Amino acid sequence: MGMETFVYIFYGLLGVLIGSALSILPSLHPLNFAGIGVFLYLMFPIDPLALMMIFMGMLVAYSIVGTVTTTFMGAPDDSTMYMVFPNQKYLMYGRGYEASVVTGIGALGAVLMLLMIAPVAGIVFPIFRKITTPHYNWVLIGIVIYLLQSEWPKDWGSRAKTKLGRLKDGWSSLSAGWFVFFLSMMLGFIVLNTPIVPADRAFQNIMPVFVGFFAVPWVLTNMISRAEIPPQTVSNRFFVSKKDMLRGTTAGFFGGTFAAYEPIITAGVGGVLAGHSMSTQGDTQFMVSGSAGRLAYYVGAFFLLWVPLLHLTRGGMAWTSSLVYQPRTESDYWLLVSAIAIAAVFSFLILVFVSRIVAKLVAGKSFKKVSIAVLLVVLTMVFGFAGLEGLAMMTICTGIGLIPPMFRTRRLNMLLGFFFPVFLNMIGMRGDVLRVLGVY
Amino acid sequence: MMGITVATFFKSLITGAILNDSWIILLGGVFGLLPDTLDFKFLVYVEKQDVVIDPDPYDVKPQEISDKIAGEISKVGTLKPGEMRRLQLHTMKLGPDLWQSYSIFFNKAKNQVEVKVGPHVTMSGIPAFGTEPPADKAMGVAKFTPKLKDTYGRPTEVKGFGGPSFGFLKKKDGSVEVIFIPFHRRAGHSLTVGIVFALLGYLISQNWVVGAVIFAGWFMHIVLDTFGHMGNNLFWPITKQRTSGLYLVSASNPYWNAFTVYSCIAIVLWNMNLYNASVSPAYTLPTITALGPALYLFLVVAIPWAIIGAIYYWYRQKTKGVRPFELFAPSTGAVGLAATEGMGVQEQEHYYEIEEKPKPSLLLRILGVVVLVAIFVIFFIFGPSW
Numbered sequence: 001m002g003m004e005t006f007v008y009i010f011y012g013l014l015g016v017l018i019g020s021a022l023s024i025l026p027s028l029h030p031l032n033f034a035g036i037g038v039f040l041y042l043m044f045p046i047d048p049l050a051l052m053m054i055f056m057g058m059l060v061a062y063s064i065v066g067t068v069t070t071t072f073m074g075a076p077d078d079s080t081m082y083m084v085f086p087n088q089k090y091l092m093y094g095r096g097y098e099a100s101v102v103t104g105i106g107a108l109g110a111v112l113m114l115l116m117i118a119p120v121a122g123i124v125f126p127i128f129r130k131i132t133t134p135h136y137n138w139v140l141i142g143i144v145i146y147l148l149q150s151e152w153p154k155d156w157g158s159r160a161k162t163k164l165g166r167l168k169d170g171w172s173s174l175s176a177g178w179f180v181f182f183l184s185m186m187l188g189f190i191v192l193n194t195p196i197v198p199a200d201r202a203f204q205n206i207m208p209v210f211v212g213f214f215a216v217p218w219v220l221t222n223m224i225s226r227a228e229i230p231p232q233t234v235s236n237r238f239f240v241s242k243k244d245m246l247r248g249t250t251a252g253f254f255g256g257t258f259a260a261y262e263p264i265i266t267a268g269v270g271g272v273l274a275g276h277s278m279s280t281q282g283d284t285q286f287m288v289s290g291s292a293g294r295l296a297y298y299v300g301a302f303f304l305l306w307v308p309l310l311h312l313t314r315g316g317m318a319w320t321s322s323l324v325y326q327p328r329t330e331s332d333y334w335l336l337v338s339a340i341a342i343a344a345v346f347s348f349l350i351l352v353f354v355s356r357i358v359a360k361l362v363a364g365k366s367f368k369k370v371s372i373a374v375l376l377v378v379l380t381m382v383f384g385f386a387g388l389e390g391l392a393m394m395t396i397c398t399g400i401g402l403i404p405p406m407f408r409t410r411r412l413n414m415l416l417g418f419f420f421p422v423f424l425n426m427i428g429m430r431g432d433v434l435r436v437l438g439v440y
Numbered sequence: 441m442m443g444i445t446v447a448t449f450f451k452s453l454i455t456g457a458i459l460n461d462s463w464i465i466l467l468g469g470v471f472g473l474l475p476d477t478l479d480f481k482f483l484v485y486v487e488k489q490d491v492v493i494d495p496d497p498y499d500v501k502p503q504e505i506s507d508k509i510a511g512e513i514s515k516v517g518t519l520k521p522g523e524m525r526r527l528q529l530h531t532m533k534l535g536p537d538l539w540q541s542y543s544i545f546f547n548k549a550k551n552q553v554e555v556k557v558g559p560h561v562t563m564s565g566i567p568a569f570g571t572e573p574p575a576d577k578a579m580g581v582a583k584f585t586p587k588l589k590d591t592y593g594r595p596t597e598v599k600g601f602g603g604p605s606f607g608f609l610k611k612k613d614g615s616v617e618v619i620f621i622p623f624h625r626r627a628g629h630s631l632t633v634g635i636v637f638a639l640l641g642y643l644i645s646q647n648w649v650v651g652a653v654i655f656a657g658w659f660m661h662i663v664l665d666t667f668g669h670m671g672n673n674l675f676w677p678i679t680k681q682r683t684s685g686l687y688l689v690s691a692s693n694p695y696w697n698a699f700t701v702y703s704c705i706a707i708v709l710w711n712m713n714l715y716n717a718s719v720s721p722a723y724t725l726p727t728i729t730a731l732g733p734a735l736y737l738f739l740v741v742a743i744p745w746a747i748i749g750a751i752y753y754w755y756r757q758k759t760k761g762v763r764p765f766e767l768f769a770p771s772t773g774a775v776g777l778a779a780t781e782g783m784g785v786q787e788q789e790h791y792y793e794i795e796e797k798p799k800p801s802l803l804l805r806i807l808g809v810v811v812l813v814a815i816f817v818i819f820f821i822f823g824p825s826w
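Going down the list, the protein sequences come from chains A and B.
Quick note on our numbering: the first sequence kicks off at 1 and runs consecutively.
Quick note on our numbering: the second sequence kicks off at 441 and runs consecutively.
Here chain A stands alone, though its shape is the one from the complex:
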């Protein structure tokens, strides 16, 4: 290992610092800055591998430190929506710090599993790719059908006196779920076909959509709450079992890795599939599997770009950064693997540090006031990145995003619907549908 390696790892740690600072701000994603990073690189060229290491550090930090916004500010994104409920519940019982750290341990577990598969990744993934490539289409539509069909009514205990009344109660959430899927799909056809944000910011096209779908509805719901955040316990005693940690991490890792590998599938979808496969249950398993899945999805997709002989580009960061650099040698791959491990430990330490500070800061504050502050930050970010058009788009998406909590249906349907046009594009049907809709 030469001095050069240490320099690249230093760049990775620099990425962690940048990523940590950005991910603490609600609604931001490393991808928001990846495009800017590439633009800056073209203006002021540096070693492209160093830039890749910075991107990697940002992704790792986002996956680990970014859970602070979910736990303490209640502003989830698509990959943390299944963690936000247990994490916030812990916060309201004075255990926000514990939730934050346990979540971070789940992500560290995923990194450990990533390291374990790293030596065989160059054999397993190319085989897997060779066999499954012709099957992406039907597997994807199968997943969409499964997720729509496998949503069960949330209120089995309808109190209606008649059979029809009970049927109506039970189907209110299910039909709302399908309605959300339909609305999101329509939105996907429009947004993914005709970017609404200004052309110079077209790469931020999806940001207002996701913020509107996930972060703003949750923040608005929290604003209704009159609760005060109680004093937070900051101790090194964590009430979790090894079994829960192992089960949650395993489920999250495989779900996230599947999502990273399969086009269009996101961490949330992968998490649900893995959760069903391993019957995850309980708050700890949800928190841990959520964070493990998030890391396996974001970092895993970037990792796939580097796996020798795989030649697979998945995820926004890999696509963006592949414009700058294509990993060439096996030594590049091992450099990335080592840097991921070191960046993860560094990110975890930052998470612990930041969680301690934020836990003290939010204690005793009105949840409503914290939520208003978060909303202001979110609005500023969306305006800054996507302009007034982005704010308008975010508002429309917030309307859709409020339906799932109102009718107790899956938020995941928004993602499935929004990306459904991409799937139709893959099978060559998008043009037909767009013509029917009159888009062109």
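Don't read these hints as lab results, they were simulated from the structure.
Computed from a prediction, not measured in an experiment: that's the story for all the values here.
We put the beta carbon where it would ideally sit given N, CA and C, even for glycine.
No false leads were mixed into what you were given.
With the Cβ distance kept under 10 Å, some of the chain A side facing chain B (calculated, not the full set):
| no. | residue |
| --- | --- |
| 1 | Ile141 |
| 2 | Lys168 |
| 3 | Thr280 |
Using the hints, position chain B against chain A.
The following block gives chain B in isolation, referenced to the frame of chain A:
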């Protein structure tokens, strides 16, 4: 997953899916999930409710609940054989993720219904210790007259989501049988309804493969359910009641769940690799095909899962009797510390004597596994010609 797995054995379906000509293959998955869809999205709502118990979470009266249930059992004792009355129990919601728990136990030995009010619990059943009611308000006991048959033999916990229903069925010998969630695994889990769907599929498409894949998906769901504790009513409406399951696996067991999903994925990959060759040699690995299905499954499924199973068994033995460590989020400060300090040593209360479950004979259980293996052997042999 099992439905889609068996669908991938049909060569014509998988090649059609690769070429984007046909997605009939997905019918295996849809009909594989349909039995539970019918039960939990339709039949649960149209079930007759003769008696409904909907306790007030802030003023639970266990004695009233037990009186009502015991009275219902006694009433059924006076009915004609074959008649059934249904009881719906509701849960008690206290907050977004907080429920007042209670349990119902049919004590056959003492001919009494015992209702016990427990602590507040989360949706996943994590208790908030210290929220149990005082002993004099926690129990309700009421006698019933007929002889009772309850194969479950232990308390039914009523916690989060919807509450369970019970059917009380008058038997020919004068006894009353307790049937847990009587709407479940009846018509919606019968071979007869599966055959009807398959016939409809065939008549609409005029393609026998469509009917076959519908039935295969449906059938495999029922076969897997039979491996659990609760059986199915296979020949509804000819047979009236559910049979007992084979007690081979538990649906909530993470090992068996993961094993089943993993095995299904391994089989799907085998079929993909095998049939890809007929579309393009670029997507197939002849080395894997050359192994043959038996050796492939031995190497890819049997060996790794034997190792994982051994570790799992060892870990379970090691942690036997250890309480789950996840805690309901306690109060902070001294109260929280006191509550959590006690957790490590507090033992599970064994209030009720748990009876031995009526497991089917060993021969029958082995036969169940043999049938499953035989089904897959048939698929492996004949799938390439379908």
